[in-house]
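Protein chains: 2
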Amino acid sequence: MPQPALVEVINFGDELLVGIRENAHLTYLGEQLARFGLPIHRARIITDNVSEIKKAFADAWAHSDVVITTGGLGPTADDMTRESIAEALGAELEFDAEIEDAIKSRFKVLGRSMAAHHLKQCYRFKEGHVLHNERGTAPGLAYRADGKLLIMLPGPTHEMNPMFKKQALPLLQEAGLLSTEEAYLQIRTCGTGESTIEEMMQPLIAKHPALSVAYCVHYGIVDVRLSGREGALSMNCLKAIGQEAREILGDDFVCFGHCSLAKVIFHELRALDRTLAVAESCTGGSVANEFTNLPGASKVFQGGVVCYTNEVKMDILGVPECLLDQHGAVSAECAVAMASGVAEKLSADYGLSVTGFAGPGGGDETNPVGTIHLGYHSPVGVWCKTVRYTGGRLDVKARAVHAALDWMRRKLKKYKMEEMLCCGGSD
Amino acid sequence: MPQPALVEVINFGDELLVGIRENAHLTYLGEQLARFGLPIHRARIITDNVSEIKKAFADAWAHSDVVITTGGLGPTADDMTRESIAEALGAELEFDAEIEDAIKSRFKVLGRSMAAHHLKQCYRFKEGHVLHNERGTAPGLAYRADGKLLIMLPGPTHEMNPMFKKQALPLLQEAGLLSTEEAYLQIRTCGTGESTIEEMMQPLIAKHPALSVAYCVHYGIVDVRLSGREGALSMNCLKAIGQEAREILGDDFVCFGHCSLAKVIFHELRALDRTLAVAESCTGGSVANEFTNLPGASKVFQGGVVCYTNEVKMDILGVPECLLDQHGAVSAECAVAMASGVAEKLSADYGLSVTGFAGPGGGDETNPVGTIHLGYHSPVGVWCKTVRYTGGRLDVKARAVHAALDWMRRKLKKYKMEEMLCCGGSD
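Chains as they are written, first to last, in the working numbering: chain V, 639 to 1065; chain B, 639 to 1065.
The hints are simulated quantities; they were obtained by calculation from the structure and are not laboratory data. Don't be surprised by glycine CBs; every beta carbon is placed ideally from N, CA and C. Be a bit skeptical, because a hint or two may be false.
To be verified - Chain B regions said to be covered by chain V (calculated; three or more residues, Cβ under 8 Å):
id: 1; region: 654 to 660
id: 2; region: 681 to 688
id: 3; region: 704 to 710
id: 4; region: 838 to 845
id: 5; region: 940 to 951
id: 6; region: 967 to 975
id: 7; region: 1020 to 1034
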């Protein structure tokens, strides 16, 4: 087997060095390339300065097989990447009338004419490709020399991402540098800690010595990425191992791939032809937001109520005043009343509710900051559950959202048979 | 004035190269260092491999004055940073019984005993400092040689961030590398494009040749960071220039610093002693979420309704059926009815509403995908406004949230006098 190609990414842009912006470019490129079996070997982030650009590029070009750059292709005087790299390569740039036409017609659609400074964006490597930019003016550029490949992408994410996926990936695949088959299999789990998931995976790792496993944790979700050491396992092998893992993981298994918890619930309810409404206090709209991030959400999701005061809980959701007096708004009893109330008032089959103290204020002896009560109303039963998290306000909110969704996912799974019977008998 | 120190950051960790995790380390370090006048000059992300670590470190050490590393200090066999860098430096590591004690007592608190593999974490540079880790086992390390400074930080964010702020920053300040005064002033603007804001800033830039201006754009917000070239302007000078900028920017000016739009509105309503409720269709809870992210939100924010179906709009918000029949749910008329409805039903003084097509589905000739109608109900009047955005569903949602909040912010500003009169006369 030949040595895999060495890929280096260079992100140009001061904004990445002074904390203005997270480097989403590298995350995206890293994920896309790793998915097809060519992990990034090295990355640098470089200030917008001609001598720094030249030095970094020359070093990267000398030590890698593929160099991918992002940023610095704009029309302003700061955007010196194109010229600096051409100089470092000793490659000639030439004016391309087709690029000019593309930029002009882009402006025409917007009812404006092209400003003169955009002319610098019309230059390409004399011996190279142009990657069309469907979302902006800066074209991407590709160049091949010394058995190496250079790909230059624009900085804005919404321009870079589709350009990379549609044009750069095929270029890398044509060059035989990248597999057309995905290289790892992701298993998403939720509700159990990373170390426990790692322990659960041990027997599989012992059984398959060529198996490589990576973990990624985010707010209660633990993603498990299965791959073969140096590509030793085909996707079919990985899928077979994935099935074994699914068995071992039991109810902690959420899905293969990257589905959100909300999407898993959406598909379950869609299959049952049922609808959902949510009532939120401390998560403040985040649970609703998870559902409304899904295209076509309205087929299942009726809506939600963010009830930040007792009045809203009473007036809109019908939570009884005496219940609030007796138990308070942060209580299992209130969570139940909210779940049933929102289902009834919004005419949904299912209601999911969250109430708690996200902090930093609030909380008492029985319900310290970080205490979250969940309520669930379904055609087959009504339940409540209490969880507790540490961390800042936003961390607690994020954990609470995943806790509520994961709990509903598990309930739907557990009572699937009853739900289906119930569905069948309902109309 | 002496040349500013060159700072290079090296982030170790495969997870940063394969898209598992965003490089929050670099964002945090960049923001902290830039704030005190020492922007990061260069950054690299390196795979966990001894020869790569040595090569990258040696190069960084040769070309920089300060090298900061993150990651690779853990107890496992993969964590080779400490040993590899010591070798590259030709510096001796020695066992430190105090570190061992600190790790042992950490485990004692957790009711566990220290495993043998943690012994490798007890080594420090013979001639160097130890940075105590208050949240984990891996201590940080500092080392000085050749007039340069090396700081090694652990990977987990919640361990690294406080260690950097409390121990590494003072070390840099003691060494005279870092100012103890903040180095830039941020002005947040919203509602006007980056290029227009840049044009508005031109006269100021012409007037103050020592002024350096950086821009950062996120979903309709444009942050303007003012600083002096090579620290030429004191914070007092920057504040005076900031006031001039504020005049020039007019209503586009949101705040100095990092306040969210929701927080600005929160403070305005708090000052007026008024309350708010929101009704959302396509933004699906995101506007409510912006408010509930603020500690103490309940003093102003009554709650919100995510009305994803016509039934919810009618039943919960009282939007008339005939209005929906005549104009549809995505219309200025519906936005107005939603805003007034949510204010009335949730007993709030102000109502803010959003309805539109976030895509990819939906949309028609009058209201193509990306069309957003906003509604605003206030004690001094009721208004609607229509905006249109391109981009994916989540981009359109994010833009719509900022558009709604910015519009309300402007209205509050414009009618401040009337609002105050209205407030005064209300009880």
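Do the hints match the structure? See the list:
By the rule of at least three residues with a Cβ nearer than 8 Å to a Cβ of chain V, the coverage given for the region 654 to 660 of chain B holds, with 7 such residues. With 5 residues having a Cβ less than 8 Å from any Cβ of chain V, the region 681 to 688 of chain B passes the three-residue criterion, so the hint holds. By the rule of at least three residues with a Cβ nearer than 8 Å to a Cβ of chain V, the coverage given for the region 704 to 710 of chain B is violated, with 0 such residues. Given as covered by chain V, the region 838 to 845 of chain B fails the check, having 0 residues with a CB less than 8 Å from a CB of that chain where 3 are the minimum.
Here the region 940 to 951 of chain B counts 10 residues with a CB under 8 Å from a CB of chain V, which clears the bar of 3, and the coverage holds. Only residues whose beta carbon comes within less than 8 Å of a beta carbon in chain V count, and the region 967 to 975 of chain B has 0; fewer than three means the coverage is violated. By the rule of at least three residues with a Cβ nearer than 8 Å to a Cβ of chain V, the coverage given for the region 1020 to 1034 of chain B holds, with 5 such residues.
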